[in-house]
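2 protein chains.
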Amino acid sequence: EAEKIPIKTIVIIIAMQTEALPLVTKFQLSEDIDSVFPKGVPWVRYHGIYKDLNINIIWPGKDGVLGVDSVGTVSASLVTYASIQALQPDLIINAGTSGGFKAKGACIGDVFLVSGVAFHDRRIPIPVFDQYGICGKETLSTPNLLKEVNLKVGKLSTGDSLDMSPQDEAAIIANDATVKDMEGAAVAYVADLLSVPAIFIKAITDIVDGDKPTAEEFLQNLVAVTAALDQSVTEVVDFVSGKCISEL
Amino acid sequence: EAEKIPIKTIVIIIAMQTEALPLVTKFQLSEDIDSVFPKGVPWVRYHGIYKDLNINIIWPGKDGVLGVDSVGTVSASLVTYASIQALQPDLIINAGTSGGFKAKGACIGDVFLVSGVAFHDRRIPIPVFDQYGICGKETLSTPNLLKEVNLKVGKLSTGDSLDMSPQDEAAIIANDATVKDMEGAAVAYVADLLSVPAIFIKAITDIVDGDKPTAEEFLQNLVAVTAALDQSVTEVVDFVSGKCISEL
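Respectively, the protein sequence lines represent chains V and Z. Counting in the numbering used here, the first sequence runs from 39 upward without gaps. Counting in the numbering used here, the second sequence runs from 39 upward without gaps.
Calculated directly from the structure, the hints in this document are not laboratory data. Please note that the accuracy of each hint is not assured.
For identical chains, the list gives no copy identity; a pair is met inside one copy or between any two copies.
Think about it this way: if two alpha-carbon atoms lie no more than 30 Å apart in a straight line, the pair counts; the simulated DSSO-like pairs of lysine-lysine are [to be verified]:
(1) Lys77 x Lys42
(2) Lys42 x Lys190
(3) Lys281 x Lys77
(4) Lys190 x Lys89
(5) Lys193 x Lys100
(6) Lys193 x Lys77
Quick caveat: nothing in here was measured; it's all calculated off a predicted structure.
Make a model of the complete structure from these sequences and hints.
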């Protein structure tokens with residue numbers, strides 16, 4: 039019956055500050071003064087009311103020693119867990135930039151709503167453990183959202199490396215993924231563990247099966263593609279406002 | 039000054055049930071009836087008093103869908119985080135079986151006290167992000183423990199795969215690691231974030247640079263090597279009893 043109550047609280051998990059800040063401005067959110075998170079962690083919460091929704095953007099923050107965004111599955115799982123515990127959201131949105139496969143129809147600047155997630159760098163060649171490592175699952179079905187908001191649909195594969203080894207590539211192909219990121223499947227794992235519905239919006243900054251080096255292409259397109267990402271996230275949040283999970 | 043107060047509460051993070059249960063028996067621990075963890079998670083806490091210490095063995099439990107031990111960095115970071123929040127331990131011990139490199143002096147059945155940790159499967163080829171991915175750090179210095187308890191010393195490299203790709207191997211060599219596991223650096227990351235001292239005890243079930251397939255060798259030696267691991271963990275806990283962190 040939880041599915042029939044209108045969505046009230048949303049947690050938006052975003053790994054990079056560059057991706058998060060335009061949305062913080064757009065939704066007119068404020069940074070927490072008294073953190074809901076424990077002392078010592080760099081995790082940042084921006085929050086406010088937008089169209090009757092409690093919006094929380096959670097950014098894992100800058101690494102305390104190195105000063106770079108705390109990307110990857112470990113930080114993503116920790117902030118997802120801690121955010122669910124502290125904020126009891128009705129819906130999680132994991133938004134971010136990602137790589138795309140042109141062989142599967144992805145182009146720079148495309149924004150995808152993810153239909154399924156899996157890991158591609160957790161190889162455990164023991165029966166059943168192999169499936170645990172991949173951790174493949176479908177995401178929340180949102181047919182009405184897809185009718186309303188113009189998004190491509192594809193599967194996401196997650197790993198902790200920005201580059202792609204031949205082993206990663208074989209696993210990504212086996213996962214049938216169009217999109218490659220560094221957080222999604224970890225957010226999905228934690229959301230699933232704690233029974234919180236989650237959707238994944240990923241914008242393409244670099245073509246993984248193209249001829250440009252990933253890191254260079256990623257940095258070149260990060261700001262422009264973030265604008266497209268944030269536009270889509272806003273459209274999704276606008277659509278979510280006033281609806282319950284089963285209406286998405 | 040926290041370092042001058044005798045250690046009272048220990049959290050021992052162990053990824054596999056086979057590794058955990060003999061120690062549960064040894065320390066005469068009981069499983070939690072009312073879990074300190076949220077509803078839905080498979081994480082299991084065994085606890086009790088042993089030699090004036092509050093001992094908690096935390097096992098991430100069996101995957102809810104697949105029924106295998108919840109190994110790897112995502113589960114390990116989550117249980118480390120949740121255990122620190124719930125139990126405020128003075129010391130974390132991450133104990134487990136692992137692979138070893140004979141080129142660095144490791145043999146089947148050896149038990150190592152880890153001198154440093156790093157990740158080998160988080161390749162982010164962007165300046166500074168590369169160091170964030172590796173996340174290399176020294177562990178707590180425990181010179182007196184090393185004098186008292188007979189353990190080998192070596193560095194640990196962590197990744198989410200049981201096997202080793204050529205890229206993993208290059209990174210493990212760069213990390214100067216003798217021991218390879220699937221949790222240690224994640225436990226270290228979280229313990230460090232929340233300023234809890236942590237030590238790492240790893241027993242060798244398989245020789246990574248040998249000629250036997252890892253999965254087969256691992257399964258063959260798991261039970262026997264676990265006995266050696268649990269003996270060493272007991273000796274370490276006996277040594278810790280009555281001491282403060284700075285006396286280790």
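Now the hints, each set against the structure:
{"no.": "1", "hint": "Lys77 x Lys42", "in the structure": "between (36 Å within a copy, 22 Å between copies)"}
{"no.": "2", "hint": "Lys42 x Lys190", "in the structure": "within (27 Å within a copy, 58 Å between copies)"}
{"no.": "3", "hint": "Lys281 x Lys77", "in the structure": "between (35 Å within a copy, 26 Å between copies)"}
{"no.": "4", "hint": "Lys190 x Lys89", "in the structure": "within (25 Å within a copy, 60 Å between copies)"}
{"no.": "5", "hint": "Lys193 x Lys100", "in the structure": "both (28 Å within a copy, 26 Å between copies)"}
{"no.": "6", "hint": "Lys193 x Lys77", "in the structure": "between (36 Å within a copy, 29 Å between copies)"}
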